[in-house]
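Engineer: Chain by chain, the residues run as shown.
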Amino acid sequence: MAEVRFKVWRGDAGSGNFVDYDVPVTEGWVVLDAIHWIQANLQNDLAVRWNCKAGKCGSCSAEINGKPRLMCMSRIEDFVIDGTIMVQPMATFPPVKDLVTDVSWNYTVNQRIPPLAPRPPEADGTWRMQQYDVDRVQEFRQCIECFLCQDVCHVLRDHQTWAFGGPRFMVRTASLEMHPLDTENRLSLLKDAREGLGLGYCNITKCCTEVCPEGIHITDNAIIPLKERVVGEYFDPLATGLKNLLGWKREPRT
Amino acid sequence: MAVPYTTSEHDVIVIGAGGAGLRAAIEAARQGSATALICKSLLGKAHTVMAEGGVAAAMGTVDLHDNWQVHFRDTMRGGKFLNNFKMAELHAREAPERVRELEAWGAVFDRTADGRILQRNFGGHRFPRLAHVGDRTGLELIRTLQDRAVHSGIDIFMEMTVIGLTKDGDRVSGCVAYDRKTGEFQAFKARAVVLATGGIGKSFRINSNSWEYTGDGHAMAYRAGADLIDMEFVQFHPTGMVWPPSVAGILVTEGVRGEGGVLKNNQGERFMFGYIAEMFRAETADTEAEANRWLVEQQAAVRPDPATAARRPPDLLPRDEVARAIDAEVKAGRGSPHGGVFLDIASRRTPEEIRRALPSMYLQFKELAGVDITREPMEIGPTCHYIMGGVRVDADTGMSTVPGLFAAGEVAGGMHGANRLGGNSLSDLLVFGRRAGLGAAGFARSSGAVGQDTAQIAGFIGEAIAPLDRVSGPSPYEIASQLSASMEKNVGIIRQADELEAGLARIAELKEVYRSVRVSGGRDFNPGWNLAIDLHNMLTVSEAIARGAIMREESRGAHTRRDFPGTDTRKWAQVNVTIRVDEGGAMTATPTPLPQMTPELAKLLEG
Numbered sequence: 007m008a009e010v011r012f013k014v015w016r017g018d019a020g021s022g023n024f025v026d027y028d029v030p031v032t033e034g035w036v037v038l039d040a041i042h043w044i045q046a047n048l049q050n051d052l053a054v055r056w057n058c059k060a061g062k063c064g065s066c067s068a069e070i071n072g073k074p075r076l077m078c079m080s081r082i083e084d085f086v087i088d089g090t091i092m093v094q095p096m097a098t099f100p101p102v103k104d105l106v107t108d109v110s111w112n113y114t115v116n117q118r119i120p121p122l123a124p125r126p127p128e129a130d131g132t133w134r135m136q137q138y139d140v141d142r143v144q145e146f147r148q149c150i151e152c153f154l155c156q157d158v159c160h161v162l163r164d165h166q167t168w169a170f171g172g173p174r175f176m177v178r179t180a181s182l183e184m185h186p187l188d189t190e191n192r193l194s195l196l197k198d199a200r201e202g203l204g205l206g207y208c209n210i211t212k213c214c215t216e217v218c219p220e221g222i223h224i225t226d227n228a229i230i231p232l233k234e235r236v237v238g239e240y241f242d243p244l245a246t247g248l249k250n251l252l253g254w255k256r257e258p259r260t
Numbered sequence: 083m084a085v086p087y088t089t090s091e092h093d094v095i096v097i098g099a100g101g102a103g104l105r106a107a108i109e110a111a112r113q114g115s116a117t118a119l120i121c122k123s124l125l126g127k128a129h130t131v132m133a134e135g136g137v138a139a140a141m142g143t144v145d146l147h148d149n150w151q152v153h154f155r156d157t158m159r160g161g162k163f164l165n166n167f168k169m170a171e172l173h174a175r176e177a178p179e180r181v182r183e184l185e186a187w188g189a190v191f192d193r194t195a196d197g198r199i200l201q202r203n204f205g206g207h208r209f210p211r212l213a214h215v216g217d218r219t220g221l222e223l224i225r226t227l228q229d230r231a232v233h234s235g236i237d238i239f240m241e242m243t244v245i246g247l248t249k250d251g252d253r254v255s256g257c258v259a260y261d262r263k264t265g266e267f268q269a270f271k272a273r274a275v276v277l278a279t280g281g282i283g284k285s286f287r288i289n290s291n292s293w294e295y296t297g298d299g300h301a302m303a304y305r306a307g308a309d310l311i312d313m314e315f316v317q318f319h320p321t322g323m324v325w326p327p328s329v330a331g332i333l334v335t336e337g338v339r340g341e342g343g344v345l346k347n348n349q350g351e352r353f354m355f356g357y358i359a360e361m362f363r364a365e366t367a368d369t370e371a372e373a374n375r376w377l378v379e380q381q382a383a384v385r386p387d388p389a390t391a392a393r394r395p396p397d398l399l400p401r402d403e404v405a406r407a408i409d410a411e412v413k414a415g416r417g418s419p420h421g422g423v424f425l426d427i428a429s430r431r432t433p434e435e436i437r438r439a440l441p442s443m444y445l446q447f448k449e450l451a452g453v454d455i456t457r458e459p460m461e462i463g464p465t466c467h468y469i470m471g472g473v474r475v476d477a478d479t480g481m482s483t484v485p486g487l488f489a490a491g492e493v494a495g496g497m498h499g500a501n502r503l504g505g506n507s508l509s510d511l512l513v514f515g516r517r518a519g520l521g522a523a524g525f526a527r528s529s530g531a532v533g534q535d536t537a538q539i540a541g542f543i544g545e546a547i548a549p550l551d552r553v554s555g556p557s558p559y560e561i562a563s564q565l566s567a568s569m570e571k572n573v574g575i576i577r578q579a580d581e582l583e584a585g586l587a588r589i590a591e592l593k594e595v596y597r598s599v600r601v602s603g604g605r606d607f608n609p610g611w612n613l614a615i616d617l618h619n620m621l622t623v624s625e626a627i628a629r630g631a632i633m634r635e636e637s638r639g640a641h642t643r644r645d646f647p648g649t650d651t652r653k654w655a656q657v658n659v660t661i662r663v664d665e666g667g668a669m670t671a672t673p674t675p676l677p678q679m680t681p682e683l684a685k686l687l688e689g
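In order, the protein sequence lines correspond to chains A and B.
Numbering of the first sequence is given in our numbering, commencing with residue 7 and proceeding in unit increments.
Numbering of the second sequence is given in our numbering, commencing with residue 83 and proceeding in unit increments.
Bound conformation, chain A alone (with noise of 0.2 Å):
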């Protein structure tokens, strides 16, 4: 293949802007041979993560031409248009370098959920699981935490929304209300759109499902079935007229 042209964003936090780099493209190349090859030969400083190189680790997350994207899992030939690829770093996070960026944030989020709380083994002191019940959580825990759903979500994305733990989370926890040992409940978290994960905040756009790199349908199988189980558990009408009757009592909401 001939000389393609990369603009690649390079700055701080304080502010950059778009640099070319005229590239001698080789057959197969990803987006991030690209990178790399100018790390080696023009610029040693530009900043980048990456690990596996093959789309296992979920570190080199980029927009490519716009789209949140893997830089290793994205052919150069699939991307170029008249001759050129813009690469920039994720527009949701904070500038670090370069193309990368602060998600520590995230971390922070992960922190707040509750792990696992399992249910006392079986005799033998072993569980047993059906595949069947584990295959949807087995979906969710495919996720290489990337965070291009948290890049692409509007909530966050555009109004800045931090109360909301995005689409990475909501996953996360899908991954454990629905795990067949745990006997913990998350749904106040869920709900509480202060110091929780502020579901009510998304509103089922599937932006995120659409870039998902491990294909996780992150809104019809985590989101959507988070948002029932948060609705039934606050907002039926008749479930709340039973249970004021009745005399249950709704768990204590922190």
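Hint data in this document are derived by calculation from the structure and do not stem from the laboratory.
One or more hints might be untrue.
For the chain A half of the interface with chain B, some residues (derived, Cβ under 10 Å), not all of them [claimed, not checked]:
no.	residue
1	R11
2	G34
3	W56
4	A60
5	C78
6	S80
7	E151
8	R178
9	F241
Quick reminder that beta carbons are idealized off the backbone N, C-alpha and C, glycines included.
Place chain B on chain A using the hints.
Structural biologist: Using the frame of chain A, we list chain B on its own:
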């Protein structure tokens, strides 16, 4: 002008946040130690995440005949009896408990029909033994440990690189690190340090490893005076991608063969039948018919009776055997168009089964090579994957020969001997990660206060920033690529004395060139500067590998000498090559005796 740095103090510092580091930190914190965890990448991105096939543990959920004794036997045979027997025993005994513990912490393994943890076949393991989640077991393991760790009260320092271990007299007193984002330095004082820094794959051009694998722990331990053993044993995984060039080396899981995949040359022959070593002849199928019957029996609802069962296909021999066979086929002109051989699962299992059992292999080939593995064979070839050698440790506690310095996982040596079986790495991380965490916490509790020497700290910092201060000099990328090309050519899969000497001479030249390495830009998130620092470690471990390989004049496991093709049971069966720094700062290699096995364990190796 002195460069400023911040300081902190902990009981235990764990360096590296892959499986071993996370497990060690969880254990140290559980013992009540004030624990810090330092890692080069973001949490959850360490190399463990790329492990695919599974974690080996003799739980016997699929075949009741499995037990720790057979696992021990398989591990020792796979390691060509050079393993630290005590580690292999502890590993085989404790792996099942470590896997079940992961389940209690939230891991969701694939299930058997009766709802237990499913186990799959893998190279060198006599029974289906690998607990797994499709072909992304490493992700499951690291995420489970990560989520456990963040609720364990550990101080976590992400994207920090450790540049040196400080000592107080004989014992370790902490380490010095810099923050990759800002370039700021920090001195960590601690009573005990656990190295969990993984491997060295970046020293070889074609490898399956991430940028992190520059041998930091190996090199820092060596410089701190610790013994390294078995450094000549570098595992080339038989199946890495070979095309397109930019993805060459990326791992193709052994699970493909565990699920029935077979190796073929360009004549369409299943060539592995021609490469069955004497040691494995009794338990390996020697005809295609028997190998095919094996696959049918493995898929049946009822386990085959061991007395009449088909033996395992030779495609599932240990990795050293298969990698050598592929290398020989390619050199004999029977390779695939891009210099590998063919790995065929398409003709063996249905597309649905393949997508279910090997989802990321399916995606990886479709996206990166434009190959649909449910319809066509893959092209694969050997890729540098793992180092068996590492820091000499006490089997029970993981402590090195330097008091207070511990090691676990790939950076530790001994467990795998001359060749590691697939699946034994994830179990190694769990078993010895926990033991090193316990050992470090115990050492921290029982040892006195430690002091950190400011001159040592300043020394490490001065060395680290030197490449930024130079106005001219070679680029670290240039040196790294010359080093990895030479290592591949001279210290690769098949070795001989003159090439090894040439490789060692090249390392000496590059060490000289490295003294004037220069990078531009500042200290904030500067990959060139980061590489310049890592390169020091790459050069050190490369030298250790070359020296070990020169000394061991025999072929054993992953170490193959063209000039010494046989295994020398008289001279080399009972010794490790130990790498040590001498008083003048030079690297020495010395044969040292292996620990002697008890008669009870030795008996398990027969038959």
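Engineer: The structure should be examined with respect to each hint, and the outcome stated for every one.
Structural biologist: Here is how each hint holds up against the structure:
no. : hint : result
1   : R11  : violated (19 Å)
2   : G34  : holds (2 Å)
3   : W56  : holds (7 Å)
4   : A60  : holds (5 Å)
5   : C78  : holds (9 Å)
6   : S80  : holds (9 Å)
7   : E151 : holds (6 Å)
8   : R178 : holds (8 Å)
9   : F241 : violated (29 Å)
Of the numbered hints given earlier, the model fails hints 1 and 9; all others are met.
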